[in-house]
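Start from chain A and add chain B according to the hints.
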Amino acid sequence: MSENVIQTQGLTVYYGKHRGILDVNLLVEKGEVFGFLGPNGAGKTTTQRVLLDVIRPTSGKATIFGMDCREQGVKIRKRVGYLPGELALYAGMKASEFFKMYEYLRAGNGTKGYWRELSQRLNLDTGRKIREFSRGNKQTVGVVAAFMSRPDLLILDEPTGGLDPLVQQTVLEMVREAKADGRTVFFSSHILSEVQAVCDRVGIIRDGQLIETKRVEELVGQRMKRMSLVFPELPPNGAFDLDGVTELSRGDQRLTLEVSANLPQVLETAARYAVEDIETHSVSLEEIFLAYYGKENGGSNG
Amino acid sequence: MVRLIWQELKFRRNGIIGWGIGLCWLPLVYIGIYPSVAEEMAGLADLEIYQAMGISINTFEDWIGSILFLFVPLLLSVYALINGTGTLAGEEEDGRLEMIVTLPLERWQIVTAKAVALSIATFLILLIVSLVSAVVFLSIESQIETEVMALEITTAMLATWPLIFAMAMLSLFLAAFSSRRRVAAMIATAVLLIGYFGSNLASQVSSLEALEPLFLFTYLDSSRNGLIEGQQTGDVLVLLGVGLVSFALAVYFFIQRNLTVGAWPWQRAQINSPKQAG
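In order, the protein sequences belong to chains A and B.
In the working numbering, each residue carries its 1-based index in the first sequence increased by 67.
In the working numbering, each residue carries its 1-based index in the second sequence increased by 3.
Keep in mind that the hints are not guaranteed to be accurate.
As the list claims (entries may be wrong) - Heads up, simulated BS3-like pairs for lysine-lysine below, C-alpha to C-alpha not over 27 Å straight-line:
no.	chain 1	residue 1	chain 2	residue 2
1	A	Lys205	A	Lys167
2	A	Lys84	A	Lys97
3	A	Lys167	A	Lys128
4	A	Lys161	A	Lys128
5	A	Lys145	B	Lys13
6	A	Lys246	B	Lys13
7	A	Lys205	B	Lys13
8	B	Lys13	A	Lys128
9	B	Lys13	A	Lys196
10	A	Lys145	A	Lys128
11	A	Lys179	A	Lys128
12	A	Lys97	A	Lys161
13	A	Lys292	A	Lys281
14	A	Lys128	A	Lys281
15	A	Lys179	B	Lys13
Claimed, not checked - Here are the computed distance ranges between Cβ atoms for each label pair:
no.	chain 1	residue 1	chain 2	residue 2	range
16	B	Gly21	A	Tyr82	31 to 41 Å
17	A	Gly133	B	Ile258	15 to 25 Å
18	A	Gly194	B	Glu148	50 to 60 Å
19	A	Asn107	B	Phe126	53 to 63 Å
20	B	Ile258	A	Glu164	27 to 37 Å
These aren't lab readings, by the way, just hints derived from the structure by calculation.
For every residue, glycine included, the Cβ atom is placed at its ideal position computed from N, Cα and C.
Okay, chain B solo, but in the shape it has when bound:
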């Protein structure tokens, strides 16, 4: 299986580099410009649009917390969504999966290898962005007033990974279940957007408070608290739990079903167990 993981990572090499470089623009721009816009930003802090988006910009900690630690995981979740749905359903739709599943590999090994490779890929991209954030921060540190250190920025950024992992595994599960990339991607996109906006709205509208636990972004603390004190253990466990359950479901459905057929679950063959089939 290590061979398959390695191969999957090789497939993702360009994506890791491309997304890594692409997302580095966020810390370059948002940390880099902070000294020159700090005063203006503080004046805009009460705008409702920022509150609705979960953005707080009073201090440097608020600013990078609500911009970087919200948008980097959000955008990286999009990468996870594209790759998570493309890796099984996409390959199945275009026929490449048949070449892999007819190799001497167990199906659970195929899903696991893809899940591990996707998780590593998202972590590596996040690592690139967090290191660049730390470097950019060091270059402006002397111009701003802040209590945070470069290492805290790096670790806080890396601590957002459980959310991306949850999104990646959820996408993988939807792909393994539906076998249709477009459908899996549509559902995953809805989960992501509803998770993001729902969490922000629920935190502001008291009547929606009860729904808050349903949204993935509820479990990501992008305030200065998240930056200074780190993510809550309970939140991290919930996100890892969502990821692991989704992964287990992906394995289950991928092992169970017919491949290459592209049928909906209710259109698929009734499959007997090997014992019954005999």
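In isolation and in its complexed conformation, chain A is listed as follows:
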């Protein structure tokens, strides 16, 4: 039986009158990589901060490893590595000093000096002051800090932001290795190719609400097709009024449809109106997510 590492029930945060997150019910199982996706301002960072007890919920409850995030925050954080989205470091310290401080404050858990191995792997010069680093190198410092205690749970807020492609790949490898070790990773990202590459499941949050949780292969499997049909004379409006079919545009002779179901019926109908040409292409993962982001009231809130 699978074990829940993260569980939230009706988690709601209001900042005064402004909505942070609303009634978020989330389950992340042990050993999985869970991608948390949504446009800016959707509530990803708020959710992560509630999990780490940086922000307190207005209502609802969050648990990690079965422990309440507010009441047992210290016990939880001993087992969690965190990379914030807005990473701020002690600029005057050398990276090595920062890691030693972090190791010292975590009071050690048998992983002493592991930061050296990670830094080497990520090509980070730990002898330099953090203020001298590029944005990418600062982000690498944050990645090392999150992984250096080999935590049971990694909460990563856009971990590859600003990293060069080679380091990005290494970080994704580290995520896969954490999963292979039976550890759990909860990470938000805007880069959908990396979500597809490392995540088992994704949760999509929009306007503070979790609108979908799916396995990545389900999302990919339900990929829509975009069809462009050319007719001698356009079929009447409503001719393709079928479940899973949306008419996107209508030209002189060309009709563009988005099809996620009922493909045989679409082809039958097209044949009935003497279709002359059909072009199809699969909708990308980005387009699927954009469709989610924009559902109902047409788009993200920025």
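Using the frame of chain A, we list chain B on its own:
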């Protein structure tokens, strides 16, 4: 928590050295030059500007009491103010606090460690200045007429620490409450300046006498009495009390509120207790 205190002290190492050396100029100049200006100073003793600033310069004891034992704690209060407001609100504003509060530490431990480190830092700076004052005094002792001894100067200087402690904790509380460094620093600066000038004015204007207990500097005796007989126990207790209450409030507000949001108290989320939240 000892680890965090140690780390906080390491962060403050350069500040302690810098402020320690910087403030040593006061005893070097004001004690060092006294033998050459003593006579002229005595002639200026009745100037109203000195009285308004709480400065008395009739004798050596008056002179170092009203200059050193007034300006050293005043300037060190500025250090306490800058660091007290910067240590929580400053770190929260620039995002560094998030890296600390997500470590396996209780919030009260974080505030306490910062408060202890700040208190130690101010004491160490004061210790440096008081030792240098004693050394400078020994070098001019034979040239002046005075009843004080080097040890009295050192202990009298150290006895001003409760005022600095009160100011440091007050700044820490304002930072923990407001989360905005600029606002916390503005209020703390107002408290400091009003505390200083208010106390001096209230001691001279009879209609303001009733307000005197409200000003922090009322509880610092920078006259020759303070130097010879030490600070009044009641005054020391008031200053320590202000410091401890401010510290307790800092802990309370820091534990209660959302971090990293930077909102005013009335804009913050209504937070349920864990039991209610469930």
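Hints and how they fare:
In summary, the hint linking A/Lys205 to A/Lys167 is supported, as the alpha carbons are separated by about 16 Å, within the 27 Å threshold. Between A/Lys84 and A/Lys97 the CA atoms are separated by roughly 35 Å; this puts the pair beyond 27 Å, and the hint is violated. Restraint check: the Cα-Cα separation between A/Lys167 and A/Lys128 comes to about 34 Å, which exceeds 27 Å; the hinted pair is violated. Simply put, A/Lys161 and A/Lys128 have alpha-carbon atoms about 39 Å apart, too far for the 27 Å limit, and the pair is violated.
Restraint check: the Cα-Cα separation between A/Lys145 and B/Lys13 comes to about 24 Å, which is no more than 27 Å; the hinted pair holds. Pair hint A/Lys246 plus B/Lys13 does not hold up; C-alpha atoms about 37 Å apart against a cutoff of 27 Å. Distance restraint check for A/Lys205 and B/Lys13: the Cα-Cα separation of roughly 22 Å lies within the 27 Å cut-off, and the hinted pair is therefore satisfied. In summary, the hint linking B/Lys13 to A/Lys128 is not supported, as the alpha carbons are separated by about 38 Å, beyond the 27 Å threshold.
For the suggested pair B/Lys13 and A/Lys196, the alpha carbons sit about 16 Å apart, so the restraint of at most 27 Å is met. Under the criterion of a C-alpha separation no larger than 27 Å, the hint pairing A/Lys145 with A/Lys128 is consistent with the structure, at around 20 Å. Between the alpha carbons of A/Lys179 and A/Lys128 the distance comes to roughly 34 Å, so the proposed pair goes past 27 Å and is violated. For the proposed pair A/Lys97 and A/Lys161, the alpha carbon gap of about 35 Å is over 27 Å, so the pair is violated.
Using a Cα cut-off of 27 Å, the hinted pair A/Lys292 and A/Lys281 holds, with the two alpha carbons roughly 19 Å apart. With a C-alpha separation of about 22 Å, the suggested pairing of A/Lys128 with A/Lys281 holds against the 27 Å cut-off. Simply put, A/Lys179 and B/Lys13 have alpha-carbon atoms about 21 Å apart, close enough for the 27 Å limit, and the pair holds. Remark: the range hint 31 to 41 Å for B/Gly21 to A/Tyr82 is upheld by a beta-carbon distance near 39 Å.
The given range of 15 to 25 Å is respected by A/Gly133 and B/Ile258, whose C-beta atoms sit roughly 23 Å from each other. Separation of A/Gly194 from B/Glu148 is about 59 Å and conforms to the stated range, judged on CB atoms against 50 to 60 Å. Between A/Asn107 and B/Phe126, the C-beta spacing of about 47 Å breaks the proposed range 53 to 63 Å. The beta-carbon spacing between B/Ile258 and A/Glu164, approximately 29 Å, falls within the hinted interval of 27 to 37 Å.
Violated hints, listed in ascending order, are 2, 3, 4, 6, 8, 11, 12, 19; each of the other numbered hints is respected by the structure.
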